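Number of protein chains: 2
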Amino acid sequence: MSKIALIGFDADDTLWKSEDYFREAEATFLEIVGRYEDVSASAQALYAIQSRNIALFGYGVKGMVLSMIEAAVEFTNARISAKDIHRIVEIGKAMLDHPVELLPGISDAVRQVAESYPLVLITKGDLFHQERKVAVSGLTEVFQRIEIVSEKNEASYERLFKEFAVDPAEFLMVGNSLRSDIAPVIELGGMGIHVPYHVTWVHEHAEISAGIERFRTAHSAADIPAMIQALAESPTP
Amino acid sequence: MSKIALIGFDADDTLWKSEDYFREAEATFLEIVGRYEDVSASAQALYAIQSRNIALFGYGVKGMVLSMIEAAVEFTNARISAKDIHRIVEIGKAMLDHPVELLPGISDAVRQVAESYPLVLITKGDLFHQERKVAVSGLTEVFQRIEIVSEKNEASYERLFKEFAVDPAEFLMVGNSLRSDIAPVIELGGMGIHVPYHVTWVHEHAEISAGIERFRTAHSAADIPAMIQALAESPTP
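Chains as they are written, first to last, in my numbering: chain A, 100 to 336; chain B, 100 to 336.
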């Protein structure tokens, strides 16, 4: 009998491309500000401003744009033109409007897993943007629930387990972020499959030290279904 | 026996002050832009830009600020300074950081209702900002669940009823917006108590034409508990 009662999937960079768009946005931002100032140290300074603002803005594109505008004013000593600030707003609007690009093999993998287990989508970021991406992805009906949370930490997973009425030991999370998708779930006694993406925002870096017998790494979406089966059938530690 | 199985409360302008802050923000915005241009028609033009952008930004403070920046660039023909644009960002940061001011009598009313019925909070806007306000309000533990949705229409209430496993006829919603809180719930066969607030965003205007026997208006938070009781005991139409 399976040990798994419910499987959670992360969305950004697990189901579809996301961080690439943020990297491109950053490059465009640096190009705009670079017309005013030397920007060799600006990527790091931008990250500092973004990190400071997360407490107010949370995650997502809109907060990123507001932090970029703050940064642009600061970096240029307020010399940046209104037209160039509007270009920064346009970066964000393009991101919010971009097509959803599913990652290779993930659609088949998710649909295959859905044949055997109930699935929930658990993601953070802008509620409105995430709901739009889920709708456009064509995967809405595969997931029993879509949960968009402001932060993915132990407290938020505990709340979700209570809402889902699931024992943490019977929950498995699939995602690209060790910090947000895997570490808190392992810490609470659940299982995790890490699917690394080729770029990871520095904010999402983490290391897993405990519960490694409940933790696997999949280097291809196609490996996920078999890996879930192996975890479901593995002896309880 | 009560006909009510679950009661939903709206948050902004039902539990705490919100629209006043948006009005103040708009006044400050017009003051800033007014240094460059005649702003006698700008409030309406700003609303047009905000409405157009809701499809991309959704509701909430961050989208409001981004629309204000777009509007400021447009209204001033890109003559607005970076410093003044930064002031517009600061308007938003102040709003996201403002203390939560509960409306008169609402805390007692909600706690009294919670003694007899399970309560959920259903609100739209920025996920991060709304979660922060709920936490600061001291009302978190009164609600069994906090649902932050991107839009409050019939489709989103239907999804919630399914998640809550509640029959629409046994659901009652309390809120200040006829359009978002009352009309869709009445339309789906539920009950509604409208608690008008002294200001309503033009976007939230609506009229209720059907189901008026399942619909009441409370002119004071203190009236809510008795009004719920009367609806609970009224004969099924």
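Because the hints were derived from the structure by calculation, they are not lab data.
Everything numeric in this text was worked out from a predicted model, so none of it was measured.
Honestly, I wouldn't trust all of these hints.
For identical chains, the list gives no copy identity; a pair is met inside one copy or between any two copies.
Unchecked claim - Subject to a maximum C-alpha distance of 20 Å in a straight line, what follows is the list of computed EDC-like cross-link-like pairs (lysine to aspartate or glutamate): (1) 261 to 173; (2) 192 to 173; (3) 261 to 230; (4) 192 to 169; (5) 182 to 230; (6) 261 to 207; (7) 102 to 123; (8) 182 to 136; (9) 102 to 189; (10) 192 to 230; (11) 192 to 312; (12) 261 to 286; (13) 116 to 137; (14) 192 to 332; (15) 182 to 200; (16) 116 to 269; (17) 102 to 207; (18) 116 to 230; (19) 116 to 262; (20) 261 to 169; (21) 261 to 240; (22) 261 to 312; (23) 182 to 169; (24) 261 to 250; (25) 261 to 246.
Tested hints:
no.	hint	in the structure
1	261 to 173	neither (44 Å within a copy, 48 Å between copies)
2	192 to 173	between (22 Å within a copy, 16 Å between copies)
3	261 to 230	between (23 Å within a copy, 18 Å between copies)
4	192 to 169	both (17 Å within a copy, 11 Å between copies)
5	182 to 230	neither (31 Å within a copy, 34 Å between copies)
6	261 to 207	neither (29 Å within a copy, 27 Å between copies)
7	102 to 123	neither (41 Å within a copy, 55 Å between copies)
8	182 to 136	both (17 Å within a copy, 17 Å between copies)
9	102 to 189	neither (47 Å within a copy, 50 Å between copies)
10	192 to 230	within (16 Å within a copy, 25 Å between copies)
11	192 to 312	neither (43 Å within a copy, 44 Å between copies)
12	261 to 286	within (16 Å within a copy, 31 Å between copies)
13	116 to 137	neither (30 Å within a copy, 44 Å between copies)
14	192 to 332	neither (46 Å within a copy, 50 Å between copies)
15	182 to 200	neither (30 Å within a copy, 38 Å between copies)
16	116 to 269	neither (29 Å within a copy, 42 Å between copies)
17	102 to 207	neither (23 Å within a copy, 45 Å between copies)
18	116 to 230	within (15 Å within a copy, 27 Å between copies)
19	116 to 262	neither (29 Å within a copy, 29 Å between copies)
20	261 to 169	neither (39 Å within a copy, 42 Å between copies)
21	261 to 240	between (23 Å within a copy, 14 Å between copies)
22	261 to 312	neither (24 Å within a copy, 36 Å between copies)
23	182 to 169	both (15 Å within a copy, 10 Å between copies)
24	261 to 250	within (17 Å within a copy, 25 Å between copies)
25	261 to 246	both (13 Å within a copy, 15 Å between copies)
The structure shown violates the earlier hints numbered 1, 5, 6, 7, 9, 11, 13, 14, 15, 16, 17, 19, 20, 22.
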